[in-house]
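Protein chains in written order, with the numbering used here: chain A, 1 to 127; chain B, 128 to 429.
FYI, nobody ran anything at the bench for these hints, they're computed from the structure.
Treat the hints loosely; a few may be bogus.
As the list claims (entries may be wrong) - For the chain A half of the interface with chain B, some residues (derived, Cβ under 7 Å), not all of them:
(1) Q56
(2) R58
(3) N77
Said to hold, decoys possible - Mimicking DSSO-like on lysine-lysine, the simulated pairs with C-alpha atoms at most 27 Å apart in a straight line are:
(4) B/K321 x A/K52
(5) B/K389 x B/K222
(6) A/K71 x B/K294
(7) B/K187 x B/K205
(8) A/K71 x B/K330
Said to hold, decoys possible - Residues from chain A that face chain B, not an exhaustive set, calculated with beta carbons under 10 Å:
(9) R30
(10) R49
(11) G101
Just so it is clear, the structure is predicted and the values come from calculations on it, not from any experiment.
We treat Cβ as the ideally placed atom computed from N, Cα and C, and that holds for glycine.
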Amino acid sequence: MKTHLLALCLGSMVAFSANANAGTLENLERERSMTIKTFLDSSLTVDERQAKLDSQRRRLVDLERIVMRDKALRGQNTKTVHVAFKNYDVTFLGHASAEKGHTMVDHWLGQFGVSTNNLMATRVGNR
Amino acid sequence: MSELPLLINRTSPKRLALILGGVFVAGVVLIGGTSVAISAPAWQPQSSERLVKLPPSYLKKSIDHDFARSELGTAIQKSEENISLKGNTLGDLQKAIDTADGEVRGELRHQFLSEKRNYLSMMSDRNDLRRKHLRTKKRLFDDMLSRLSQESGAMTPEREELIELQKAASERFESSLAKVDQRLFEVSDLDESKYSKQYSQNKTAIEQLVSRIDHHSMNETPMSENGVQMSREEHVRRMVADVQTELAVLDQEETILGYMAKLVALDAMSMAEEGMDAELLDSDVASNTLTPANNVSFFLNN
């Protein structure tokens, strides 16, 4: 019983320390995934989605600034960091969308070749 | 036959153990004393991370200060003081020789020669210590250079590409900051975020501190003779070159000392020859200047 408790404590300590040591980039990725989840959440009404996105964008912008100012990431040649900086428009979604004057969802979809015009030009049919 | 076997025969085992123990302790003390006498003064600086990161202007002073406090530094200083005193002695003797004559002059010349030999020996010892100092210093700078090249040497093509990407991202980011802020306030009625507020407050403080650091006298970038800024690595390399110059000069000084020693030896030979000549003049040994031709008149008349 004692051994189990000790293992549990150690496990939770490791998990906690891993969480505490999560990098700025990982935090940004997490927040962005929550934002994308909001884009795609069909249970929300338009107003609810907008209100939620406004608040998320504020947090996203802050986290993007934290990442950009994080000196520990300078020259940190890991795959995550490399991919993140190679795809500025996706990683720094809040800034890139505001810079281009797009909404975040439009900008995000635009990065994968999906635009409002493309969507409007589609029609339902059998393949 | 030595007396030890007799001693062993006569003494009790307890006393014998005591004697042998005493001999052992004396031996240990003797060996310890010898090793202390043999151990030369040392200076062991370490090329630490802290040393590598010291401001260039402070680096040299820090190393010199560390050396001055070391055993080797103290030994060189003491040796130079002794050499200076010896130089004064030689000067005094030289003046005394100029004014003296006769036997006193000869005696003073002998003393002068002996003091010159001591002076050369002291100079040679001092140069050995100086060489040790310079070699240690060079090793320290070499270590520092390898540390510095390790820091910059990890630059792979991938890393270079990443740094370029980050630089481009940072430029784009900075140029869009005002636009992003404007858009955020336009669209939502939320206040400025806590991070944003605190960041702008801290940024002002950081900028003031950075400006003070940039203009601090101890943080000045080292300059070359022609006013070109030098990197930390270039500065250390320059110091290595200085040490190598000093070592070359030291080699030259050794040559001078060699010539001085040769002159002392020649002077000694010359004085010995002078002494032998004087002895020969005083001796009763007939000179071989008498030839049969000088006394031919004895045989010409009856």
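Review point. Of the hints given before, which are not true for this structure?
Key: Result: hints 1, 9 and 10 break, sorted rising.
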